[in-house]
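2 protein chains.
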Amino acid sequence: MLVSRQLKLVQRPSGLFQADNFTLAEETLTELADGEILVKVIYLSLDPTQRVWAQMDSYLPAVKLGTVMRSFGLGVVVESRAEGFEKGDLVSGLTGWQTYLVAEARQLQKIPRVPDLPLDAYLGPLGMTGLTAYFGLLDVGTPKAGETLVVSAAAGAVGSMVCQMGKLKGLRVIGTTGTEAKCQWLQDELGVDQVINYKEQNVYRALRKAAPEGIDIFFDNVGGEMLDTVLTQINIGARIPLCGYISAYAANEVPGIKNLSVLISKRAKIQGFLVSDYYPRAAEAFTEMAGWLKAGKLHYRSDIYEGLETAPDVINKLFTGENTGKLLIKLADA
Amino acid sequence: MLVSRQLKLVQRPSGLFQADNFTLAEETLTELADGEILVKVIYLSLDPTQRVWAQMDSYLPAVKLGTVMRSFGLGVVVESRAEGFEKGDLVSGLTGWQTYLVAEARQLQKIPRVPDLPLDAYLGPLGMTGLTAYFGLLDVGTPKAGETLVVSAAAGAVGSMVCQMGKLKGLRVIGTTGTEAKCQWLQDELGVDQVINYKEQNVYRALRKAAPEGIDIFFDNVGGEMLDTVLTQINIGARIPLCGYISAYAANEVPGIKNLSVLISKRAKIQGFLVSDYYPRAAEAFTEMAGWLKAGKLHYRSDIYEGLETAPDVINKLFTGENTGKLLIKLADA
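As given, the protein sequences belong to chains A and B, one line each in that order. Per the numbering used here, numbering through the first sequence is continuous, rising by one, with the last residue being 1770. Per the numbering used here, numbering through the second sequence is continuous, rising by one, with the last residue being 1770.
Think of the hints as simulated: they come from the structure by calculation, not from any bench. There's no promise every hint is true.
The list treats identical chains as one, so a pair stands whether inside a single copy or across any two.
[Unchecked claim] Here are the computed lysine to aspartate or glutamate pairs in the EDC-like style, where the Cα-Cα straight-line distance is at most 20 Å:
hint, residue 1, residue 2
1, Lys-1694, Asp-1493
2, Lys-1603, Glu-1625
3, Lys-1605, Glu-1758
4, Lys-1753, Asp-1739
5, Lys-1603, Asp-1629
Bear in mind the structure is a predicted one, so any value in this text is a computation, not a measurement.
Assemble the whole structure, with the sequences as input and the hints as a guide.
Written out as structure tokens, the structure is:
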């Protein structure tokens, strides 16, 4: 009998995640029923949205206390009683924080393998991360070549994709991030035009200097003070795809946005979106992004940690700004 | 020689307008040059946006100190040296707070008269007010019959138009306002489905009760706390046309919006707009609205005061919630 090791949520976080929000458990897996597959989890994807899932109902109900922490992940099929799924197939979806799971096959997505790509790409540029960047920028942001794009959390998993897609679409790209190393990576390796270290610089003045002609698109992962500052410098007709609100996820006190009325004089919009609404169009993005990847035009970086037990600590890097690129926990080899 | 009486802005307001923000002046008008018209102002239109104009640069530069206060108005041509304009023609546009003006004809708009309509209609349902309501609701709000629409400052000039157009388009309409008399007018005469007196009721709970299935469109004239409360009750795909931000115009301290991140989980948008962007499409709105007016399907109310000197005091009714319908100052008969 196969045993799955699991991290269950036993206490809702306040501020950052704490070790005692979770408990380690073991579950002996049962025989597969028809339509089910047994999956070995290879990578867990750590995403800011998990902080919301752990705390409250949102677009998904809050994770129930006493159950396995909800998480995206990538796995490999070990055994299948579902049509269309075979041993060795790659699958992604809500695996949860556990080493193995038995799931109805339709709850997970079979991944078409692209030759020569490492597995972490399927949770990064070719996964939810890439789709989020792709549709948020192109569909919500509707960029036109020559426009100025500002990306917050630019060195993050989504942000770094957005920056590069912005360049590929002919935009002038300004990224904000919190360390010098990330600034360098953005500028030297990803080709971002201007970077702002929000921890070191006055963001208002730095933006004025970096975007003297104003901001056309603000791809925002952060919200809060950053959004409030950018609002003062948007152009007429500006679009603000609101992708995340990291500033609030692990904060007890949320600072209010004071400059919203500028949306009127600038005929501008803030539009929230969820990648799940774009799943039906995933193939179109997958094709273009796989092309960019193979042509070496899209770079990505994974921050990979090992072992299930590290997840509650490692995930906090998303909120303290310590990660560079897609944060993953490796649980097993394929 | 004709003398125009004028109110000039001499001090920027802080909070509400004060009498000493203005000074009364007289200007002797000169002979017309080619292309100019002499206009007698009949009505001044008092609008919340004037509070912004008096204070700071926005979509228009701030009114210069020592110059006539900027204002929309309706006038009649007294003398013309411009092609296409004749004595007796109605014109509207930025007349300013003055009894007469000499202007280049192209700075004002000639108004096609609809038989049997009183003149105040051209600053209300058939003026900027009506166009604002029409395009804000239909173009930005993209309503679908059966949806739930909430309108703030619902008894105001724009708000009362939006409520009625909402009903004409098959929406369930909820209006917020600040007096019982306005509540009654909205419900009994305009056919609004539910009204909320925000000064008497807990808006959060009243909205829950009035819109148990959530809010699809929020036509917002107010911003601030009202917007923050509505955000907690929007549906997936909600649209928030941001028309005005009255709560901030005469306030020294602007409360921040704390619930903006809900735009993400609800895939919703807040979109500012200015009626001036829709002037090229004015004819399309004019036709439909004139039809509604003639058929008795669109009711409007003007709050008319008399005399130029009353303007600085009367305009504050927009910010204290004392007006019902379109606020006008009558300066002369046609």
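Status of each hint after checking the structure:
1. Lys-1694 - Asp-1493: between (26 Å within a copy, 17 Å between copies)
2. Lys-1603 - Glu-1625: Within. Shortest intra-copy distance 12 Å satisfies the 20 Å Cα cut-off; inter-copy 56 Å does not.
3. Lys-1605 - Glu-1758: So Lys-1605 and Glu-1758 fail the 20 Å test inside a copy (29 Å) and across (51 Å) alike.
4. Lys-1753 - Asp-1739: within (10 Å within a copy, 58 Å between copies)
5. Lys-1603 - Asp-1629: Classified as within: same-chain Cα gap 9 Å, cross-chain 50 Å, threshold 20 Å.
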